[in-house]
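Chemist: Sequence:
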Amino acid sequence: MDEFYNKCNAGETLGRIIEGREPAAEATARDLHLATSEIGRYTVHSFNQPRAWRLCMDGGSGEGLEEACFRVQGVLCGKDLPPVILNGARKFIRQSVKITGFGNEDMLQCIKQIEAVYLKMSNQFKEGSLEPWQPSIFEENAALDASTRYFTPANHSTAGDTVDFAPHVDPDGRLRDLMETEYVHTTDNRVDYMELVTSPNGARTYKVIDPVAFKYGDIVEATISFAAIPTKNNAAKMHVLLRALVLLDQTERNTAAILRMRQRYKTINFGTVLRSVAQPVLKRKVAYYNEETDTEDTNRRLSRMRVDSDSD
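Heads up, the sequence shown is in the working numbering, so the first residue is 1 and it goes up one at a time.
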């Protein structure tokens, strides 16, 4: 974020969006707003293939356990999203985001809720064997990191769990080629990327979008879940897993982009705002390449005509 991005406006817009999102989130029992969820309702269960302890809820109607997912809204301040740039071992390549609330109370409450999840997870382990969890910091504001790996080791997956990469996630087939026979892409590795679209009559729909559409400063909604993964020395670490990312609002990001461009112009009045920068030099191709030559030829012919006329 630079001086053109209005963080105060972004924080206020975020607050209004959160107020409007809460009823919609609470109306769906399977996707709850993290800040207002009752963490005590959920339970931790261990799973194999791959080995993990996950926060779960009762699916209801005899459906068994279901992964507990929560919604968190914030300003996108960090990201590593598809298409992937290969800069690490296959096992650790992730799609990740960092979001902040710029001091918004809802984000601070979400941090407290994650601490409560950590305490619930820690009851599954020996004293001190679950690594402490802590939030990130962005420009002195609390922030939340969430990520999901692209791959699962093939020997840790179950039959029928593998899925294809979405076209916008792996447009060039690089990830598919990297898997070879050692890794697979499963439902646990999938992240959905969408945009919230509101119709003139207020109806809300979601459309799938390319991850490149997400930019720093966007107000987004991340759907997350929680899992503790074994590490070395019989320890474990709690991860905040990214399940979906929804684009909610681009207003402040777009405003900053316009102001950033305008600062390159020299004293042009955009309403009440004056910006000053170097004046660009505009080049133009010659429209008629033979114009000068044709003029010279015409002048010479006219001169000869005058000479001939005088001699007569």
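Hints should not be assumed to be uniformly reliable.
[Unchecked claim] With beta-carbon atoms standing in for the labels, derived distance ranges:
#	residue 1	residue 2	range
1	64	162	14 to 24 Å
2	216	194	16 to 26 Å
3	96	156	13 to 23 Å
4	172	127	41 to 51 Å
5	177	204	34 to 44 Å
6	9	128	14 to 24 Å
7	200	180	47 to 57 Å
8	161	136	43 to 53 Å
9	180	36	24 to 34 Å
10	36	96	17 to 27 Å
11	86	36	35 to 45 Å
If you're looking for bench data, these hints aren't it; they were derived computationally from the structure. All values derive from a computational prediction rather than experimental measurement. We treat Cβ as the ideally placed atom computed from N, Cα and C, and that holds for glycine.
Chemist: For which of the previously enumerated hints does the structure constitute a violation, in increasing order of number?
Modeler: Violated: hints 6, 8 and 9.
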